[in-house]
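Chemist: Each chain, written out:
There are 2 protein chains.
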Amino acid sequence: MVFPNLKINHERLHADFEQLSQIGLTADNGICRMALSREDLEARAWFADRIEEAGFLVHDDDAGNLSGILLCDNPKAKTLLIGSHLDTVQNAGRYDGAVGVLAALESLRTINEAGLKLPVHLEVIDFTDDEGAWQPMFGSLSLTGRLPKNYLRDANGEMSSFRAALVRAGINPEHVHRARRSPADLAGYIEVHIEQGWRLERSQVNIGVVTGIVGRSSYLFTFHGQAGHSGTTSMWERKDALQGAALFVTRAHELVRNSYPEGVINCGNVEVKPGTRTIIPSEVRVTVECRHVKQTLLEEMERALLDLAHECAQACYLTVMSDRFGHIATAMMSDSVIEAIEKACEQLDVTYTRLASYASHNAQVMSTFTESGMLFIPSVNGISHNPAEFSEWEDVVRGTNVLMHAILNLALR
Amino acid sequence: MVFPNLKINHERLHADFEQLSQIGLTADNGICRMALSREDLEARAWFADRIEEAGFLVHDDDAGNLSGILLCDNPKAKTLLIGSHLDTVQNAGRYDGAVGVLAALESLRTINEAGLKLPVHLEVIDFTDDEGAWQPMFGSLSLTGRLPKNYLRDANGEMSSFRAALVRAGINPEHVHRARRSPADLAGYIEVHIEQGWRLERSQVNIGVVTGIVGRSSYLFTFHGQAGHSGTTSMWERKDALQGAALFVTRAHELVRNSYPEGVINCGNVEVKPGTRTIIPSEVRVTVECRHVKQTLLEEMERALLDLAHECAQACYLTVMSDRFGHIATAMMSDSVIEAIEKACEQLDVTYTRLASYASHNAQVMSTFTESGMLFIPSVNGISHNPAEFSEWEDVVRGTNVLMHAILNLALR
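Quick mapping for you: the protein sequence lines, in order, are chains A and B.
One rule links them: number in my numbering = place in the first sequence (from 1) + 126.
One rule links them: number in my numbering = place in the second sequence (from 1) + 126.
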């Protein structure tokens with residue numbers, strides 16, 4: 127069964143997009159729908175209305191993941207999940223996450239209206255807190271049972287504001303673990319998202335078929351030196367923690383550019399103690415995030431950065447401590463989902479290319495649980511997490527049509 | 127007239143030193159007497175009692191400078207000022223400033239008890255806020271009339287907490303300008319201080335005779351780049367403000383070490399915006415303090431650093447703005463005071479060497495107003511602004527005797 131003429135209703139999709147873009151709109155035309163905020167809850171209420179309007183089953187689980195379910199005739203059928211997220215970072219754009227949720231909803235509406243009978247249930251899902259206002263990927267981590275059991279227990283009070291935010295949103299922190307599903311009930315996971323890079327735009331290709339998602343490790347490097355009078359201490363005899371940190375920042379970028387062409391790092395923050403102009407810095411903390419498409423190379427790159435930090439510290443008569451405070455392993459997308467997307471592109475005569483995702487997505491978490499895949503649409507100038515984030519509307523429509531046909535290909539394989 | 131056998135009472139000096147060291151003592155054996163704090167005011171009250179006890183006139187001016195005056199027989203005589211400061215930085219040691227004030231007091235007591243008749247008034251002075259809890263050198267800047275007239279006017283509220291601190295200390299902000307004196311009334315200014323470096327200790331010389339005090343300029347360099355997603359933005363196409371700042375920090379130190387052997391700089395603070403690991407830094411502020419013994423070379427060094435900042439910004443596709451927010455010109459000490467100190471060293475058979483001060487002192491401000499000079503005593507390991515700050519007691523006593531004889535040499539020249 128092939129339905130090459132079946133197309134989504136792009137006017138209805140556009141109306142949805144315009145309405146959703148009003149929720150959390152800021153004075154400078156950005157979007158702020160931080161997870162569990164008033165704006166996020168407003169977007170979810172609006173989305174629940176759209177699900178009801180379409181005649182689907184509204185469902186929310188114990189982690190706040192909000193779904194619309196199009197049941198098939200067989201109650202024992204598996205469920206194909208199609209999702210993304212409605213939450214945003216601070217001062218975000220309109221496309222990141224939102225496009226994926228609305229495209230999934232529109233795909234289901236089109237399939238439903240066409241009267242197609244599929245052997246699987248279809249479920250559009252808005253995952254809670256993808257962006258990490260509280261915990262990145264909270265929704266998909268809960269659904270796959272990957273949060274530690276005592277994660278929300280609050281022995282030392284660190285989680286108290288997160289717990290309060292959950293309760294305000296009607297989520298009982300004690301019941302979050304109940305959101306866990308069984309992989310046996312799932313037929314797969316698929317997501318459309320903006321690329322957030324410029325590879326598609328520059329190569330003038332319509333669709334990116336994601337083969338894998340980068341692994342990420344986050345480090346805090348703390349360089350320790352010795353405070354001293356900024357005037358009376360010889361320039362040749364200082365233990366200036368900032369000298370070691372600055373050298374490391376420069377050389378870490380050189381290392382990755384020269385030796386890890388598929389790796390990226392970001393030194394995102396520096397904190398200097400005591401931080402006054404008249405005292406030589408005694409302690410400097412540098413936050414570094416490392417990403418690589420290949421797990422073994424990610425680990426090798428991390429070891430090289432640790433060695434480099436020690437080398438830079440030594441060169442400046444300092445010591446350095448490192449703390450890896452976050453890690454997500456690289457994820458490979460499922461061949462069957464990749465093929466379903468590529469087949470859809472061919473059915474619709476849309477150009478496509480395979481690529482890796484340098485951003486994290488719920489598909490990364492879902493891939494440990496069920497056959498998962500993603501497709502990207504082009505981002506203009508590669509800008510994201512910014513009010514200037516933009517994708518051409520025809521690319522949104524094209525991506526939604528590819529998503530719908532990929533859903534059909536997966537459901538009917 | 128030479129009095130080579132006249133010596134200060136080192137036991138009385140030691141008793142004073144021990145008592146003063148209890149005021150503002152912290153749990154980790156440091157001293158905290160930030161200007162105008164309760165502890166600073168307590169030290170001043172204690173000092174006023176010592177002045178009264180010695181039979182000198184207690185005087186405080188409209189900027190809170192606290193003096194003890196030993197009047198000579200001629201009411202029209204000029205006044206020789208001998209001073210330092212009782213305030214400290216946070217978590218300071220016991221010697222910085224305190225030694226200078228106590229040595230001056232002890233010198234006057236010894237001269238008075240010896241019944242020496244001098245042709246000048248002698249005045250020991252504790253300058254308000256040398257360390258800059260509110261305004262570095264506030265006391266000497268007020269005494270020399272160098273604060274702008276509207277300095278404490280509070281149009282935008284920035285000065286309100288400083289004004290409140292002054293009022294709490296019994297100082298009327300509206301009357302501070304009245305502290306200004308006339309240079310015609312002064313016979314000079316002399317100060318003993320710990321070196322805060324290790325030149326004397328390493329060369330095993332007793333006394334440093336200060337020839338000049340470094341000029342200081344403080345800059346804020348702001349590197350501007352472009353925020354972006356830390357994962358999806360190519361390592362080769364970033365405008366990462368931290369890359370430019372880190373390169374500048376490293377190369378600025380190289381520049382000064384290689385080209386300005388008598389200059390020192392300190393990059394004391396770095397602030398990164400937005401400062402999160404997932405976003406490429408868009409703005410980085412670096413605070414830099416520059417010091418040089420020679421005014422022309424200070425200015426040349428500053429120009430070279432400005433050029434370097436632009437070069438580093440350009441190399442990383444950034445722009446950079448610079449703001450010089452503070453400047454004190456280099457100061458030359460008076461030949462007559464230098465000679466009075468050196469003569470005292472010879473009279474007492476004490477070794478001495480000429481050197482420049484890399485720390486700022488009230489003598490720097492006073493030198494624009496009256497013939498001024500300083501002598502240093504050795505600092506163990508060069509440590510200062512730290513509870514571990516230490517000078518051998520015999521060096522304190524030796525410095526006080528040199529100070530007293532230098533006072534006599536100046537008064538009787």
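Hints listed in this document are in silico derivations from the structure and should not be mistaken for laboratory results.
Mixed in with the good hints, there may be bad ones.
Same chains, same names: a pair is fine if it fits in one copy or spans any two.
[Stated by the list, open to error] No farther apart than 25 Å at their CA atoms in a straight line, the calculated lysine to aspartate or glutamate pairs in the DMTMM-like style are these:
| hint | residue 1 | residue 2 |
| --- | --- | --- |
| 1 | LYS399 | ASP449 |
| 2 | LYS133 | ASP154 |
| 3 | LYS133 | GLU179 |
| 4 | LYS399 | GLU409 |
Chemist: My question is about LYS399 and ASP449: at a cut-off of 25 Å on alpha-carbon distance, are they close within one copy, between copies, both, or neither?
Modeler: Result: close both inside a copy and across copies, 18 Å intra and 22 Å inter.
Chemist: At 25 Å max between alpha carbons, let me know whether LYS133 reaches GLU179 within a copy, between copies, both or neither.
Modeler: Intra 20 Å, inter 99 Å, cutoff 25 Å: intra-copy only.
Chemist: Have a look at LYS399 and GLU409 and pick one of within, between, both or neither, based on CA distance no larger than 25 Å.
Modeler: both (5 Å within a copy, 19 Å between copies)
Chemist: Measure nothing new, just compare the shortest in-copy and cross-copy C-alpha distances for LYS133 and ASP154 to 25 Å and report within, between, both or neither.
Modeler: Classified as neither: same-chain Cα gap 35 Å, cross-chain 74 Å, threshold 25 Å.
When held up to the earlier numbered hints, the structure conflicts with hint 2 and nothing else.
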